[in-house]
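Could you put together the complete structure from these sequences and hints?
Protein chains: 2
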Amino acid sequence: MTDILKTFASIKKVRTQHGLGSDEVLSCLRQLYETTSSFLSKCARQELTSKVGGKTYFSFLIGKVISRPINETLYNAGTDGIESMFHFLQDRNFEEVSPSEFTAACYNFAVGFCACIDLLKKGDQKTPGTLFEILIGHIYARRLGIEPNRNIDVLNLDMRASLPTDFIYDLGEGKAKFHLPVKTSTRERVVQVWAHQRLLDGVYGTGRFLGTLVCMTETKLDREKLEVVEICLPSQWRLYQMYIAQLTRIYYLDLPDPYRQLGNEFPRIHVRPLGEFFADVDSLIA
Amino acid sequence: MTDILKTFASIKKVRTQHGLGSDEVLSCLRQLYETTSSFLSKCARQELTSKVGGKTYFSFLIGKVISRPINETLYNAGTDGIESMFHFLQDRNFEEVSPSEFTAACYNFAVGFCACIDLLKKGDQKTPGTLFEILIGHIYARRLGIEPNRNIDVLNLDMRASLPTDFIYDLGEGKAKFHLPVKTSTRERVVQVWAHQRLLDGVYGTGRFLGTLVCMTETKLDREKLEVVEICLPSQWRLYQMYIAQLTRIYYLDLPDPYRQLGNEFPRIHVRPLGEFFADVDSLIA
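One line per chain: the protein sequences are B and Y, in this order. Per our numbering, the first sequence starts with residue 1, numbered consecutively. Per our numbering, the second sequence starts with residue 1, numbered consecutively.
Take the hints with a grain of salt, since some may be wrong.
What the hints assert, rightly or not - Chain Y stretches covered by chain B per the calculated footprint, using a threshold of three residues with CB under 8 Å from any CB of chain B:
#1 193 to 200
#2 238 to 245
Claimed, not checked - With a Cα cut of at most 25 Å, we get these calculated DMTMM-like pairs of lysine to aspartate or glutamate:
#3 K122(Y) to D124(B)
#4 K220(Y) to E96(Y)
#5 K220(Y) to D124(B)
#6 K6(Y) to E34(Y)
#7 K12(Y) to E188(B)
#8 K126(Y) to E101(B)
#9 K121(Y) to E224(B)
#10 K121(Y) to D222(B)
#11 K42(B) to E227(B)
#12 K183(Y) to D153(Y)
#13 K64(Y) to D124(B)
#14 K13(B) to D124(B)
#15 K183(Y) to D170(Y)
#16 K13(Y) to E34(Y)
#17 K126(B) to D153(Y)
#18 K126(B) to E224(Y)
#19 K122(Y) to E224(B)
#20 K220(Y) to E224(B)
#21 K225(Y) to E227(B)
#22 K121(B) to D124(Y)
#23 K225(B) to D124(Y)
#24 K126(B) to D124(Y)
#25 K122(Y) to D222(B)
#26 K177(Y) to E188(B)
Think of the hints as simulated: they come from the structure by calculation, not from any bench. Bear in mind the structure is a predicted one, so any value in this text is a computation, not a measurement. Just so it is clear, CB atoms sit at the ideal spot from N, CA and C, and this is done for glycine as well.
Below, the structure written as structure tokens:
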């Protein structure tokens with residue numbers, strides 16, 4: 001336990017010193033993966049009843065303490081892809097990434113860390129969220145070659161304010177700017193993401209910021225019945241997209257099918273596995 | 001303890017049977033007040049260090065368990081006004097309400113119930129939130145003479161969806177409709193309120209729904225130092241009001257001064273003590 005939390009604490013320090021996209025953060029992430037995967041290899045697995053079509057889930061287990069649900073196929077596929085993921089990030093060699101392999105590897109790492117925290121620090125939601133934010137923020141920073149900001153100034157006639165936001169990646173004058181909110185899951189809080197996008201559109205002009213939300217999963221575990229459900233509100237998302245603001249992409253690690261379907265109907269919302277970011281990004285910033 | 005939770009449970013049942021604005025809910029609320037105030041009269045009080053200008057706070061105490069902070073002046077003033085508050089609600093006689101007396105009485109009741117739950121069910125945030133929602137929803141229902149809805153249909157060309165919302169009071173064809181979100185405190189979640197208002201404006205047309213947010217307080221207690229602070233983000237509220245949607249009123253029980261000031265500068269946001277709702281409402285629905 002102390003190893004995992006110590007490594008996690010060192011990432012936060014290294015990030016402040018060297019930047020979120022630095023080689024130093026990458027090497028801490030790799031170290032964290034080694035610690036968590038070795039910890040989890042000693043844990044028992046509990047099969048779960050999946051109410052999610054086409055997906056099977058299990059939880060890691062220590063005594064009676066049970067982790068969040070884990071997509072079995074995705075997790076197992078991810079184990080094989082971890083080394084490639086770290087290599088792609090290390091060499092910034094993103095052309096050869098296989099989207100499905102990268103998504104699975106990223107899922108394996110992120111959900112594995114979350115499971116460790118579930119088992120070791122019951123009720124702690126903040127640590128998993130912070131690590132996921134660091135991981136996704138790091139991937140964007142490596143791919144785009146720039147560091148994110150978390151505050152932007154608003155200058156507007158006689159008022160001046162500082163707007164705290166999710167990650168902002170600014171590619172420079174006349175170039176694309178990314179607005180990157182990161183959530184382990186969304187539920188009813190997701191309307192915040194559209195509201196922040198609306199604020200950026202209003203303050204700086206529509207089309208200046210490309211909103212790309214990144215989420216891990218929408219699964220929920222009933223700990224009594226050991227049943228996994230997926231909580232999705234696709235018709236509400238469509239209303240947000242029509243009436244509040246437009247998100248350019250939404251990426252998932254464990255992509256819920258009801259959200260994937262939103263890409264098939266007008267008005268389209270493009271919800272895809274995270275690995276497709278690398279194929280999308282060139283056309284988005286072109 | 002069981003008395004308080006039993007009475008609370010009966011309110012929820014009575015509300016479903018008779019309606020939120022019914023005499024039956026009112027009489028349950030009165031009974032709940034008696035139970036909570038008798039419970040609190042036996043609790044010790046802990047003085048707190050107030051970092052909020054011009055306000056003093058204390059907490060109720062049982063052993064080492066401490067309640068949320070309570071505005072002393074407002075709470076004490078409220079004790080005297082409780083009977084009048086129940087009479088005004090009983091007789092729907094709102095012309096004679098003194099805004100400051102009503103606000104204090106309402107605060108006394110609501111924060112008193114929250115304090116009981118803090119002491120009896122540590123970590124339970126949901127029960128205080130639900131009671132506060134019932135209380136405020138009841139007051140609106142008594143004053144407006146109608147029951148609220150919590151779902152509205154969206155019919156839009158080829159799509160049909162049901163939009164879950166906060167309370168909606170619809171005074172009828174061609175008349176005002178109130179959008180009433182209720183929060184014990186707001187913090188960073190408050191952007192949701194503006195986003196929902198924006199959605200209503202977009203779906204039904206701007207000006208159709210009068211957004212009136214009701215909050216209890218913005219205080220936060222440091223349980224180690226026994227210090228009370230007030231967390232306010234007035235410049236962010238101004239951005240939300242300028243760029244997301246327009247709320248017509250925001251009412252507080254324990255009104256933070258930085259928010260009250262928002263009424264003095266353009267673009268104005270009218271943030272007032274709850275009791276002023278009764279004076280405001282006639283001009284709002286005129």
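These are the hints, each one checked on the structure:
1. 193 to 200: holds (count 5)
2. 238 to 245: That given contact holds, which follows from 6 residues of the segment 238 to 245 of chain Y lying within Cβ reach (below 8 Å) of chain B.
3. K122(Y) to D124(B): This hinted pair holds, its Cα atoms lying about 17 Å apart.
4. K220(Y) to E96(Y): Between K220(Y) and E96(Y) the Cα gap is close to 34 Å, so the pair fails against 25 Å, i.e. violated.
5. K220(Y) to D124(B): holds (20 Å)
6. K6(Y) to E34(Y): holds (13 Å)
7. K12(Y) to E188(B): It holds: about 23 Å lies between the C-alpha atoms, which stays within 25 Å.
8. K126(Y) to E101(B): violated (41 Å)
9. K121(Y) to E224(B): holds (22 Å)
10. K121(Y) to D222(B): Within the cut-off at roughly 22 Å; holds.
11. K42(B) to E227(B): Answer holds: K42(B) to E227(B) is near 23 Å, not above 25 Å.
12. K183(Y) to D153(Y): holds (24 Å)
13. K64(Y) to D124(B): holds (24 Å)
14. K13(B) to D124(B): Since the Cα atoms of K13(B) and D124(B) sit roughly 20 Å apart, the hinted pair holds (cutoff 25 Å).
15. K183(Y) to D170(Y): This hinted pair holds, its Cα atoms lying about 21 Å apart.
16. K13(Y) to E34(Y): Status holds; Cα separation ~19 Å.
17. K126(B) to D153(Y): Roughly 36 Å between the alpha carbons, so the hint for K126(B) and D153(Y) is violated.
18. K126(B) to E224(Y): holds (21 Å)
19. K122(Y) to E224(B): Holds, at roughly 22 Å.
20. K220(Y) to E224(B): violated (34 Å)
21. K225(Y) to E227(B): Roughly 43 Å separates the two Cα atoms, so the pair is violated.
22. K121(B) to D124(Y): holds (19 Å)
23. K225(B) to D124(Y): holds (23 Å)
24. K126(B) to D124(Y): Satisfied, since the Cα-Cα distance of roughly 18 Å is no more than 25 Å.
25. K122(Y) to D222(B): holds (23 Å)
26. K177(Y) to E188(B): Cα-Cα ~24 Å, so holds.
When the structure is compared with the earlier hints, violations turn up for hints 4, 8, 17, 20 and 21 and for no others.
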